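Visitor: Chains as they are written, first to last, in my numbering: chain A, 1 to 484; chain B, 485 to 663; chain C, 664 to 765.
Don't read these hints as lab results, they were simulated from the structure.
Computed from a predicted model, the values in this text were never measured in an experiment.
Here a beta-carbon is modelled for each residue, glycine too, at the ideal position from N, C-alpha and C.
Incorrect hints may appear among the rest.
To be verified - Partner residues are not named here, just some residues of chain A that face chain C (Cβ under 10 Å, in silico):
1) Tyr133
2) Glu137
3) Val145
4) Ser160
5) Tyr163
6) Leu180
7) Gln189
8) Met386
9) Pro387
10) Leu388
Claimed, not checked - Below, a sample of chain A positions facing chain C; criterion: calculated Cβ distance under 7 Å:
11) Arg154
12) Leu161
13) Val164
14) Tyr182
15) Ala191
16) Gln400
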Amino acid sequence: MNPDLNYEYALLLPEFILAATAALVLFADAFRQELRVSRRLLPWLAVLGALVAGVVSLAYLDRSDDFAELLTIDDFTTFFRVLFAAIVVVLILGSHEFVERHVRHVGEFYALLLLATVGAIFMSAARELITAYIAIELLSFSLYVAVSLTLGDRRSGEASLKYVLLGGVASAMLLYGLSLLYGIAGSTQYAEIGAAFAAGTADFEWALVLSLALLIGGLGFKASAVPFHMWTPDAYEGAPLPITAFLSATSKAAIVALLLRVFGGPLLPAIDEWQWMMATLAVLTMAFGNLIALQQSNIKRLLAYSSIGQVGYMLMAVTAISFETSSALLLHVAGYLVTNLAVFAAVIAVHNRTGDERIAGFRGLAETQPYLALVLTAGLFSLAGMPLFAGFATKFILFQAVASEGFLWLSVVAVIASTVSLYYYLQVIRQMYLYPPDGDAARWRPSFTALATTGGLLLGVVFIGLYAGPLFRLADGAATALFV
Amino acid sequence: MESTGVAVAFWLLSALTVGGALLVLLSRNLLHALVFLVVAFLGTAGLFLTLSADFIAVAQILIYAGAIAVLIVFAIMLTPLASRDNANSLYAVPGILLGLAVAALVAFAALDGGWPELAGEALAERGFSSTVAAIGELLLGRYVLAFEVASVLLLFALVGAIVLVREEPPAGDGEGREP
Amino acid sequence: MIPLENFLLLSAALFAIGFYGVLARRSAILILMSVELMLAAVSINLVAFAAYLDADGLTGMIFAIFVITVAAAEVGLALGIVLRLYRERRTANVDAADELKW
């Protein structure tokens, strides 16, 4: 052991808790007959683990430390730790009935969710390429398997195959880019790469551009940026709904965290080389994500393309990177997560009742279940960026920050894309309010946990929309840790 | 004298690697393709030896040429009907052009870079010393966290593979059988 | 001494061959083999850079070890998915997996 390095394992306590809970869930599931545990206990075990991990993460507020120069534990990491833990809690609470009915291998399902969260946290905390790469793969591998877990649905295996093959190619591209980066900088430490880049990279015009292109391409694939998005709608459609939600929430936020760490840190001196690539990617993603979403008839595919469009806004902020845009981006990501989970929680609750994935399946929801129709409407309006809701406040701050960095044209594109997106969100809302229910017109009640999660998320959407101040201060603090 | 030997070894091994890789693409029979893949991997392992990376060379042989090859043999044997039709996809012709473009681009980038190579003396001084001990120390010291995360990843690849291949449990499994 | 560029060119060739295989092949198993070729190219790059550029000469090798480890896990996982698809559809070709429109 190198005595100069800090091996304070206590810094990683939240991740240990998550991983231990994952192992415990697996164990309890495998030996449930011997231990006389009901399967119904597993989601609560997972929720408990994630809750504890989230609360423990708060103990690291205002700290700035590193683990063996592999991970940074600062406010930025804490921000994402709490977010990711909260996502798992909300997701499991909102979907455990769905999981019981529509997912193969329930125990493994929850364990995979927890482990994917560990991967996501390490992505946001990594300060070195090898660790970052392993973290990306931990998240991806969990998702490859999780996508294939829909019970009795042939689309699930197919989605998983496409995801794993394309994911493998993307990993290879990413790795080739990383290997060139290592060759150029002579180190895998972000700090040393940054120093090497600041000292000048005139010797490597083409190698540098190629390595950045491969890096952005590989990460763009994981973030499902156009033109690397081919897997996204298929994986979203084949996956069980909670995993679709997870793909659009944690996996996107983790990539954003990684992009901020890498492009806001070591690669900042080379900004002239990659800014145009990122801008192109952002424009393509905003435009095509929102345009293709217009013609979808399946709610999962619609939300897939909608999340691609949302990634475009985030990439736009990475293009115009600075302290202000980073804190605006963190705020936007948090608001997006709350909104998106509200939409998915409502969709899952409706699906539990109707079992229908078509957008037409939402017909007459305003009559049969007005509360869920309201939550869904609020969520979709928030995604489109309508006032009163979280999406408006966070998008407003984000677009303004990007414009003030000299990227007014990108902001204009984003505003147009948002307007287009309103159209397809309204399609869903139209089905709920303007049409009578197709078959069963009786009123029904969602379960208690579904009511509680959707209620909490609805409150969050409205609260952030009306009063974004507290969240903004948190995002600001996290961004400060990044740009010391 | 010694450098001539290394140069000859390099060219032979590169020919083996690239030839094997090309034949993987040309063979229609999955098992033949696999054999050529193993040849390419063995060539790569040899190249690692010319770079004095003894540990990685051996790991390459054990993991790629050994474990992965056996795994793929199993997969080929378990999917007998799948091995019949291995014609190329629609993208075969554009693929050649794209592949050549990628090769040209990457090669150009490699030649363009003014890589800050260590000076000849520094390299000569290093000579050959086994990397095994140093790598072991680094893996369990400097990079212990990455090592641990990788082991979690392997465990879950294992669990994932089992979950994927296991038959779906009959309906009502779990709840019904519970005490 | 062999110039570093030779190794980089070899790795470029291997990467392009793998890339072509991914595009041109229909069998999921062959696509997987092509991905492995691309990853082998990455390992060559990493080890060559470690040997020629890095003062301690080991970081790249550690990276290559992780690449090899992850690649092995990926093959296991992907083949599991292939077997599952084969059981459902009697094929392992990617273009037979067409129930989801691309």
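Visitor: Hint by hint, say whether it matches the structure.
Guide: Against the structure, the hints come out as follows:
1. Because the beta carbon of tyrosine 133(A) sits about 7 Å from the nearest beta carbon in chain C, less than 10 Å, this interface hint is met.
2. Given hint, glutamate 137(A) at the interface with chain C, holds; its Cβ is 5 Å from that chain's nearest Cβ, closer than 10 Å.
3. Given hint, valine 145(A) at the interface with chain C, holds; its Cβ is 7 Å from that chain's nearest Cβ, closer than 10 Å.
4. Residue-level restraint check for serine 160(A) holds (minimum Cβ-Cβ distance to chain C is 5 Å; threshold 10 Å).
5. At a threshold of 10 Å, the smallest CB-CB gap from tyrosine 163(A) to chain C is about 9 Å, leaving the interface hint in force.
6. The beta carbon of leucine 180(A) is positioned within 10 Å of a beta carbon in chain C (closest approach about 7 Å), and the interface hint is therefore held.
7. Using the Cβ-Cβ criterion of 10 Å, the hint placing glutamine 189(A) at the interface with chain C is satisfied: the shortest such distance is roughly 9 Å.
8. At its closest, the beta carbon of methionine 386(A) sits 31 Å from a beta carbon of chain C; the interface hint therefore is violated under the 10 Å criterion.
9. Interface hint status for proline 387(A): violated, as the beta-carbon distance to the closest one in chain C is roughly 36 Å, over 10 Å.
10. At a threshold of 10 Å, the smallest CB-CB gap from leucine 388(A) to chain C is about 36 Å, leaving the interface hint violated.
11. With a cut of 7 Å, the hint placing arginine 154(A) at the interface with chain C holds, because the nearest CB-to-CB distance is about 6 Å.
12. Proximity of leucine 161(A) to chain C holds as hinted, the smallest CB-CB distance being about 5 Å (cut-off 7 Å).
13. Interface restraint check: valine 164(A) against chain C, minimum CB-CB distance 5 Å, threshold 7 Å, status holds.
14. Against a cut-off of 7 Å between C-beta atoms, the interface hint on tyrosine 182(A) holds, since the closest Cβ of chain C lies about 6 Å away.
15. Look at alanine 191(A): its Cβ only gets to about 14 Å from chain C, farther than 7 Å, so that hint breaks.
16. The interface hint given for glutamine 400(A) is violated, since its Cβ lies 37 Å from the closest Cβ of chain C, which is over the 7 Å cut-off.
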